[in-house]
Amino acid sequence: EADIYQTPRYLVIGTGKKITLECSQTMGHDKMYWYQQDPGMELHLIHYSYGVNSTEKGDLSSESTVSRIRTEHFPLTLESARPSHTSQYLCASSDDRRNEQFFGPGTRLTVL
Amino acid sequence: AQKITQTQPGMFVQEKEAVTLDCTYDTSDQSYGLFWYKQPSSGEMIFLIYQGSYDEQNATEGRYSLNFQKARKSANLVISASQLGDSAMYFCAMSYLGGDSNYQLIWGAGTKLIIKP
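From first to last, the protein sequence lines are chains Z and X.
When you number the first sequence by the working numbering, it's gap-free, plus one each residue, and the end is 112.
When you number the second sequence by the working numbering, it's gap-free, plus one each residue, and the end is 229.
These are calculated hints, taken from the structure and not from any lab test.
Nothing here was measured: the structure is a model prediction, and the numbers come from that model.
One should not assume that every hint holds.
[To be verified] Below, in silico cross-link-like pairs of lysine-lysine (DSSO-like), each with a Cα-Cα straight-line distance of 30 Å or less:
#1 X/185 to X/115
#2 Z/31 to X/185
#3 Z/31 to X/224
#4 X/128 to X/182
#5 Z/57 to X/115
#6 Z/57 to Z/18
#7 Z/17 to Z/31
#8 Z/57 to X/224
#9 X/182 to X/224
#10 X/224 to X/128
#11 Z/17 to Z/57
#12 X/128 to X/185
#13 Z/31 to X/228
#14 X/115 to Z/31
[What the hints assert, rightly or not] Sample of chain Z residues facing chain X (criterion: CB under 8 Å; computed from the structure):
#15 40
#16 42
#17 49
#18 50
#19 86
#20 98
#21 100
#22 101
#23 103
#24 105
#25 106
#26 108
#27 112
All C-beta atoms, glycine included, are put in the ideal place defined by N, C-alpha and C.
Here chain Z stands alone, though its shape is the one from the complex (with noise of 0.2 Å):
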């Protein structure tokens, strides 16, 4: 079954630390997004690619990043966590057809 994961699903971990989120996608989809959305609000999209090798950053200033190095994965990484990186990151695919972006799961993180 084509789908689009996500892991971990919870993180909590200590300030300074460097962390990876992983995203996967099995639907073949070249383009691929991460969201950072805070509970109750909106989303706001930080990283995004259309290919392998191709990355982008989006709207929203991330001190994140992201590789591409093949199709169907696509982690995040920070480098030196902070407190104030305590989001939910979404991760998500589309098609070509519509454009309709498929969500994984999410991962709550929690730097403290």
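We have chain Z already, so just place chain X on it with the hints.
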């Protein structure tokens, strides 16, 4: 510039009543798409319904329908016979062709819907 506006930050509705969630958009493009997503408290984003700008009929998916009024640039979501499980955040989004010749998606701020028993 493209814009999506959801004017209702929150709504309370009695169970079994119909609900209309407002969404207006602004674009000068002729070709665009409109989406509604639901986000329960668990956090996942669930696709509900899609309307293409050239679709003449309003989209329907089960209890969900999209009231598309192109001249007014509105794409309101209607939920018939609301249920307790409909309590969630609802986001309106618009797909349009960006300057880099790729389709972009912009999001509204969301409406928090609470269904009262």
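For this session: Against the earlier hints, flag every one the structure doesn't satisfy and list their numbers going up.
Result: 13, 17, 19, 27
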